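K.L.:
Residue-level listing of the chains:
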Amino acid sequence: MKFTKLMATAAVVAMGLATNALAEKTKVGFVYVGPVGDGGWTYEHDQGRKAVVEAFGDDVETVYVENVPEGPDAERVMTQMALEGADLIFTTSFGYMDQTINVAKKFPKVKFEHATGYKTAENVSVYSARFYEGRAVQGHIAGNMTESNIIGYIASFPIPEVIRGINSAYIHAKKVNPDVEFKIIWAYTWFDPAKEADAAKALIEQGADVILQHTDSTAPQAAAQAAGNVVTFGQASDMGEYAPFPRVSSIIDDWAPYYIARTKAVMDGSWSTVNTWDGIGAGMVGIGEISDRVPADVKAEALAMVEKLASGEYHAFTGPINKQDGTPWLAEGETASDGDLAGMSFYVEGLVGDVPN
Amino acid sequence: MIALEKRPQPSQAWSLLTPLVAVVITMIAGGLLFSALGKNPIEAIRTIFYDPLFGEFAFYYRPQLLVKGGPLILIAIGLSLGFRAGIWNIGAEGQYIVGAICGAGVGLAFYPTESAFIFPLMVMAGALGGWAWSMIPALLKVKFGTNEILVSLMLVYVAEQLLASMSLGLLKNPQGFGFPGSRNLQDYASAHNAEIIAGTGMHWGIVAAFIAVIMAYVLLNKHILGFNIRLTGEAPRAARFGGVNPTRLVVFCMGVSGALAGLAGLFEVSGPSGQISIDFNVGYGFTAIIVAFLGRLHPVGILLAGLLMALTYIGGEIAQGTLSLPAAAIQVFQGMLLFFLLVLDLLTNYRIRFGKKGIA
Chain A
538 MKFTKLMATA AVVAMGLATN ALAEKTKVGF VYVGPVGDGG WTYEHDQGRK
588 AVVEAFGDDV ETVYVENVPE GPDAERVMTQ MALEGADLIF TTSFGYMDQT
638 INVAKKFPKV KFEHATGYKT AENVSVYSAR FYEGRAVQGH IAGNMTESNI
688 IGYIASFPIP EVIRGINSAY IHAKKVNPDV EFKIIWAYTW FDPAKEADAA
738 KALIEQGADV ILQHTDSTAP QAAAQAAGNV VTFGQASDMG EYAPFPRVSS
788 IIDDWAPYYI ARTKAVMDGS WSTVNTWDGI GAGMVGIGEI SDRVPADVKA
838 EALAMVEKLA SGEYHAFTGP INKQDGTPWL AEGETASDGD LAGMSFYVEG
888 LVGDVPN
Chain B
29 MIALEKRPQP SQAWSLLTPL VAVVITMIAG GLLFSALGKN PIEAIRTIFY
79 DPLFGEFAFY YRPQLLVKGG PLILIAIGLS LGFRAGIWNI GAEGQYIVGA
129 ICGAGVGLAF YPTESAFIFP LMVMAGALGG WAWSMIPALL KVKFGTNEIL
179 VSLMLVYVAE QLLASMSLGL LKNPQGFGFP GSRNLQDYAS AHNAEIIAGT
229 GMHWGIVAAF IAVIMAYVLL NKHILGFNIR LTGEAPRAAR FGGVNPTRLV
279 VFCMGVSGAL AGLAGLFEVS GPSGQISIDF NVGYGFTAII VAFLGRLHPV
329 GILLAGLLMA LTYIGGEIAQ GTLSLPAAAI QVFQGMLLFF LLVLDLLTNY
379 RIRFGKKGIA
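Protein chains in written order, with the numbering used here: chain A, 538 to 894; chain B, 29 to 388.
In case anyone wonders, no lab produced these hints; they're calculated from the structure.
This structure is a prediction, so every number in the text was calculated from the model and none was measured.
Certain hints may be false.
With a straight-line cut-off of 30 Å between C-alpha atoms, the simulated DSBU-like cross-links for lysine-lysine are [what the hints assert, rightly or not]:
#: 1; chain 1: B; residue 1: K200; chain 2: A; residue 2: K656
#: 2; chain 1: A; residue 1: K656; chain 2: A; residue 2: K646
#: 3; chain 1: A; residue 1: K720; chain 2: A; residue 2: K836
#: 4; chain 1: B; residue 1: K200; chain 2: A; residue 2: K642
#: 5; chain 1: B; residue 1: K200; chain 2: A; residue 2: K587
#: 6; chain 1: B; residue 1: K200; chain 2: A; residue 2: K643
To give an idea of the chain A side of the interface with chain B (calculated C-beta under 7 Å), a few residues [unchecked claim]:
#: 7; residue: V600
#: 8; residue: P609
#: 9; residue: G632
#: 10; residue: P695
Yeah, the Cβ is synthetic: ideal placement off N, Cα and C, and Gly gets one too.
Given only the sequences and the hints, what does the whole structure look like? Please build it.
P.N.:
Here it is in structure tokens:
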């Protein structure tokens, strides 16, 4: 009992020291789910970290730990960062949600930012990007470019984020090409080159001549290149090494503006809990250069759509849209609420197959 | 001329010394690696081995050693019994997953009823789940002569698919906005495997691990079954003549290792982890194989080896965070430890002779 008491006292004292010892430098921690060299999700977060270093120079110190499994290990890494005096910690995977909340409770003075989750607290903000806006642009290009009218889609996990992307791409492909059909393969991974390559090959064999992917490796691009005349899009990062063909455009995650803004907020004391969901307009979602293999008129339309999405003039989910079973979801001219989008678990009308569960 | 000469008897002294020597050599080789990466080697080694135990924030890391080491020890103890008898259960990771799913499933079925009976029921379900999963390779082996290494390993991937399906379907949190993953058991008092004394990291899984160490020790040293296990491993022919029933032994060893792995999964999901999710398993079942061998398949050795592995994980993370060492360098460092241990193991059975080749 005495030992526990001693430990508890030590803990309180040390935590006090850790958080009160406000050095002049602002310390920012990043917890990564993959390696910084994955070329996709974690790579882009690390680019954001580097942008923070560049923006604030000597006023900021950044630390990161990569390959952190989602679970108790993440909780330990976050605690370690907080103990070592981090002022702001970005936890960059959905699976860190409950751990972030747990650690945030123990360190009320440290600010936490959790990517793609939905639980906030006094010192926990959440942020995510409206990738579905980019999917709308992809759908538009894909619908125009397909000749077989079969578009393949490599999906990762059946979560709202991914389902939104499928729906958004489908709606916009269908708009320009009423005969279009989507074939979806669930890879159950975010990053697994072998599985992704298999999925791409299977889709190509089924007649797909455009492949969209919600997984992070370039394996589908390589498979498309080998097949010859299959169109692909870069995911998470530009994947420009496959431009101008098969990669004709891409969705790029750009966390730099957000990371810089939030670090600044901690520095000047203006940080408060926010629920950020930014899209093309705020620069969190970037559309990689549309290559010349896309017909000029299609490219012009796509760029116009990017403009309208950025300015807010156009919403990627604008009615009339029915759910898959035919029940009406959005009336003529109505746009989807963020609440509906955040928990989206259904396909829109016209998509074939079921959302797996 | 340097020659290896087989010792007539394995050296007792080397058997005890090699782990320590391996650690020291790893520190030296690791130090060279870290300095090649432009880091201060002494600081890096200190960060990995010293800071978690005696550094400024050791009050937090010491309990974490138990949290990280507990499941490793619990699983490794089970595996070591089979390994001693030449029964290779490589699929503890799968049994760990199934134990967690069964245990958490029982807990979630009762949600939100509060009762003191729920947690014991979950523990039983966890052990049963792991046991049942290990019975598949065990029964296939004794009935059809299949290879338990392959079958148990393949069942890990089946278990992972089952885990994904549970996270997305049956056990998905109905209030989770469509995201995968179950309810968090940490928020459900009756099912929560909380710390027994706050701040010590000591949860029921650690208690179970310590009990398993003691039981395994007693079994191997005082019980006829333990003797049979050792005999089968060391002298299979003698065992057969001695009337050891190999079928019973396979079923027993696979069953115990499966049940212990299942328990480890249950204690993890209801405690430190809290929820069934797609990425719930982080490789404890595989790392435990290393721990079992690092600990010389001896219960006390496994206890120490589990804690040492935990130390390199935790210290490695601290080194990443404070010294910006890349994760890959830490993994190389852990690999070195095992490599040197295996190399030095040679000295237990062989002696090095310098000079002219002797006559065998």
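K.L.:
Given G632 of chain A as an interface hint, is its Cβ closer than 7 Å to any Cβ of chain B?
P.N.:
holds, 6 Å
K.L.:
Would the hint linking K200 of chain B and K642 of chain A be met if the CA-CA limit is 30 Å?
P.N.:
The given pair, whose Cα atoms are some 25 Å apart, holds under the 30 Å limit.
K.L.:
Below or equal to 30 Å on CA atoms is what counts here, so check K200 of chain B against K643 of chain A.
P.N.:
holds, 27 Å
K.L.:
Going by Cβ atoms only, is P609 of chain A closer than 7 Å to chain B?
P.N.:
holds, 4 Å
K.L.:
Hint check: is the beta carbon of V600 of chain A less than 7 Å from a beta carbon of chain B?
P.N.:
holds, 5 Å
K.L.:
Does K656 of chain A lie within 30 Å of K200 of chain B when you go C-alpha to C-alpha?
P.N.:
Since the Cα atoms of K200 of chain B and K656 of chain A sit roughly 17 Å apart, the hinted pair holds (cutoff 30 Å).
K.L.:
Would the hint linking K720 of chain A and K836 of chain A be met if the CA-CA limit is 30 Å?
P.N.:
holds, 24 Å
K.L.:
Is the shortest C-beta separation between P695 of chain A and chain B less than 7 Å?
P.N.:
holds, 6 Å
K.L.:
Is it true that the CA of K656 of chain A sits at most 30 Å from the CA of K646 of chain A?
P.N.:
Answer holds: K656 of chain A to K646 of chain A is near 18 Å, not above 30 Å.
K.L.:
Does K587 of chain A lie within 30 Å of K200 of chain B when you go C-alpha to C-alpha?
P.N.:
violated, 37 Å
Figure legend: structure checked against the earlier numbered hints; the only hint not met is number 5.
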